[in-house]
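Number of protein chains: 2
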Amino acid sequence: MKTLSNYLKDEDRHFRINFFNTLSGVRSVWMVGTQSKAGVKNLGLFNSLVHIGANPPLLGLIFRPHSVPRHTLENINESGLYTLNSVTSELMHLAHRTAEKFEAHEDEFELLGFTPWYFGSYPNVPAVAESPLKILLRYVEKHLIAANQTQLLVGEVIDVHIKVDAAVQSDGSIDHQILGHLAVSGLNDYYALSHLLSMSRSDD
Amino acid sequence: MKTLSNYLKDEDRHFRINFFNTLSGVRSVWMVGTQSKAGVKNLGLFNSLVHIGANPPLLGLIFRPHSVPRHTLENINESGLYTLNSVTSELMHLAHRTAEKFEAHEDEFELLGFTPWYFGSYPNVPAVAESPLKILLRYVEKHLIAANQTQLLVGEVIDVHIKVDAAVQSDGSIDHQILGHLAVSGLNDYYALSHLLSMSRSDD
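Quick note, the sequences are listed as chains A and B, same order.
If you count the first sequence from 1, position 36 lands on 36 in UniProt numbering, and the numbers rise without skipping.
If you count the second sequence from 1, position 28 lands on 28 in UniProt numbering, and the numbers rise without skipping.
Calculated directly from the structure, the hints in this document are not laboratory data.
Don't take each hint at face value.
[Unchecked claim] Covered by chain B, according to a simulated footprint, are these stretches of chain A (three or more residues, beta-carbon under 8 Å):
#: 1; region: 31-40
#: 2; region: 72-81
#: 3; region: 154-164
#: 4; region: 192-200
Just so it is clear, CB atoms sit at the ideal spot from N, CA and C, and this is done for glycine as well.
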């Protein structure tokens, strides 16, 4: 029987990181849009979004202790507002570049060629026009994971913009294949989605 | 412009729940295996797994305040151990039934026809033989989300079992299409995965 020690024995640090980064399976991938006090727009790539609850609508994001998108966290701490912007195969290569390190004064919308888009009464938090699903969140609470100093940031959904109305089914569920959304495993492996089936909702 | 109020206005409670349950996109889906002090084996369906870190390898699970899989949480509180068992299209219909309500004395492995499988030195925490990827975790810490009384449970990966060695790539990353894994959106919408591409790992 092959167990963990067989996989990781004598393997290098990169092998171990890739193994554990991809172990938990696929998840949705998002560009998080924020803006600094000085007005600099920022985008960061996140795959650690977790559903916390539907009423009130709460979503959680995991922030690594010294990770690349630290501007995102600083901006959220300042403004309390952030956007989630979905990623399709058309946007994938450009979106993946938002994980690169940029300087604090660099506007990642301009640098990468994304178009800023704003929810009506929130002119100070940019969303990505090209993303088919955009979510506006307000910071609610955060939790420090003692075991590795990551932070869980919980936000409440304030508004949502969906490009294709037909993606919202008659029962309220959103079809992510219609929106062309991708999933990601670890930091680098992108997957396309095919909607297989909807189970009975009798247990909801 | 159509925003949140347009989608949810005049809609019923189910529409709202489905909308927000599926808003955050797809995620991996798992059967969580536990065992009570009395030796009753339990399976619960979870789609709220989040990667917390690779070193040490930590995974988080969200538990709703009064959700169906409360036996899972009780068993973890008692034993400190639990397994994550992946779901394929072959297992999907049976796996989905682990979300149903069962009595505390009912063994869900027996009732649903799953085969218990054990990590070598852990005979008191069942995994699902049929799942191509099985993960053994030990409870580390938990956090109460004040906004809606959900709990984030953080566990450390103790061991892993993968049925198909070829799913572990030369760089350590796991290919979830090779393992036949599905993703889920909300509680009921299942998606198949196609591995599109692996981006450069130069930024790792």
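Task: 8 Å C-beta criterion, at least three residues: is the region 192-200 of chain A covered by chain B - done: holds (count 9)
TODO: Count the residues of the region 31-40 of chain A whose CB lies closer than 8 Å to any CB of chain B, then report whether that count reaches three.
DONE: violated (count 0)
Open item on the list: Is the coverage entry for the region 154-164 of chain A by chain B consistent with the three-residue Cβ rule at 8 Å?
Closed with: holds (count 8)
- [ ] Establish whether the coverage given for the region 72-81 of chain A by chain B is satisfied; the threshold is a Cβ-Cβ distance below 8 Å, and no fewer than three residues must meet it.
- [x] violated (count 0)
In summary, the numbered hints that this structure violates are 1 and 2.
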